[in-house]
Amino acid sequence: KAGVTQTPRYLIKTRGQQVTLSCSPISGHRSVSWYQQTPGQGLQFLFEYFSETQRNKGNFPGRFSGRQFSNSRSEMNVSTLELGDSALYLCASSRRTGETGELFFGEGSRLTVL
Amino acid sequence: QQQVKQSPQSLIVQKGGISIINCAYENTAFDYFPWYQQFPGKGPALLIAIRPDVSEKKEGRFTISFNKSAKQFSLHIMDSQPGDSATYFCAETSGSRLTFGEGTQLTVNP
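The listed protein sequences derive, respectively, from chains Z and C.
Counting in this note's numbering, the first sequence runs from 1 upward without gaps.
Counting in this note's numbering, the second sequence runs from 1 upward without gaps.
Quick caveat, the hints were computed from the structure, so don't treat them as lab data.
Quick caveat, the model's predicted, so the values are computed rather than measured.
Virtual Cβ for every residue (Gly too), placed ideally from N, Cα, C.
Wrong hints could be hidden among the right ones.
[Stated by the list, open to error] Ranges of calculated distance between the beta carbons of each label pair, as one might list FRET restraints: (1) Gln54/Z <-> Lys58/C: 31 to 41 Å; (2) Asn22/C <-> Ser70/Z: 42 to 52 Å; (3) Asn77/Z <-> Gly41/C: 17 to 27 Å; (4) Thr112/Z <-> Ser10/C: 17 to 27 Å; (5) Thr112/Z <-> Gln81/C: 27 to 37 Å; (6) Lys57/C <-> Thr80/Z: 39 to 49 Å; (7) Thr20/Z <-> Pro40/C: 23 to 33 Å; (8) Gly84/Z <-> Asp79/C: 33 to 43 Å; (9) Gln81/C <-> Gly84/Z: 31 to 41 Å; (10) Arg67/Z <-> Arg51/C: 27 to 37 Å.
Work the whole structure out from these sequences, hints included.
What follows is the structure, encoded as structure tokens:
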């Protein structure tokens, strides 16, 4: 059974640009969550999607957005990139919303903003 | 703001020793307390978890101890092995989100 797949694995952008990251959950999983990991702030919750609807949102500015498609695949977008957005962006999936204890994480997309 | 305080930040133990990582929480609304293990270049992976109505849970060499009155929980790794060298995160869940501790980098020397 394939795990959570995130693309791209690495990318470099410059300030002011925007970026889109993609996540394919484990087959049969309908909930997708996104987390940002940085050395300074650790792992922080961005948002969760279930059945194409955002169910929960963390404390991030509106430049961070996401969506989920009917096949449960998800994308997140960061607009007007800032240096501080450099981070590892992790996607996690679970069968249903609320199953936070059974989250399965991908290997992440490492974003560097120059 | 961090609602889970994890310590120590780093830990070095000898092979065969016991590794102990502690976490303290503030929000009593949390309903599930998992520990995640993360190797370099990988995403976190669920290691073991406990619900607040249980005081201890053991799975192989890994044990969680939970003290509800003190709002603390800890991970004990018995007979630590070099392969256990990783970063460990405690977490709490509330609804559909995880709140993570700051992480503990564990090094087990052979």
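Cβ-Cβ distance between Asn22/C and Ser70/Z: within 42 to 52 Å? holds (44 Å)
Is it true that Thr20/Z and Pro40/C lie within 23 to 33 Å of each other by Cβ? About 26 Å separates the Cβ atoms of Thr20/Z and Pro40/C, which means 23 to 33 Å holds.
For Lys57/C and Thr80/Z, compare the CB-CB distance with the range 39 to 49 Å and indicate the outcome. Roughly 45 Å apart at Cβ, these two residues keep to the hinted range, so it holds.
Do Gln54/Z and Lys58/C keep their Cβ atoms within the hinted range of 31 to 41 Å? Hint holds: Cβ distance 38 Å, inside 31 to 41 Å.
Taking 17 to 27 Å as the hint, is the beta-carbon distance of Asn77/Z and Gly41/C inside that range? 24 Å Cβ-Cβ, so the 17 to 27 Å window holds.
A range of 17 to 27 Å was offered for this pair. Does it hold for the Cβ distance of Thr112/Z and Ser10/C? holds (25 Å)
Supplied distance hint 33 to 43 Å, evaluated on CB atoms of Gly84/Z and Asp79/C: Between Gly84/Z and Asp79/C, where Cβ atoms are some 41 Å apart, the hint holds.
Given a hinted range of 27 to 37 Å, is it respected by the beta-carbon distance of Thr112/Z and Gln81/C? holds (34 Å)
Status of the given 31 to 41 Å range, CB of Gly84/Z versus CB of Gln81/C: holds (37 Å)
Cβ-Cβ distance between Arg67/Z and Arg51/C: within 27 to 37 Å? Taking Cβ atoms as reference, Arg67/Z and Arg51/C lie about 33 Å apart, which means the hint holds.
In this structure, none of the earlier numbered hints is contradicted; all agree with it.
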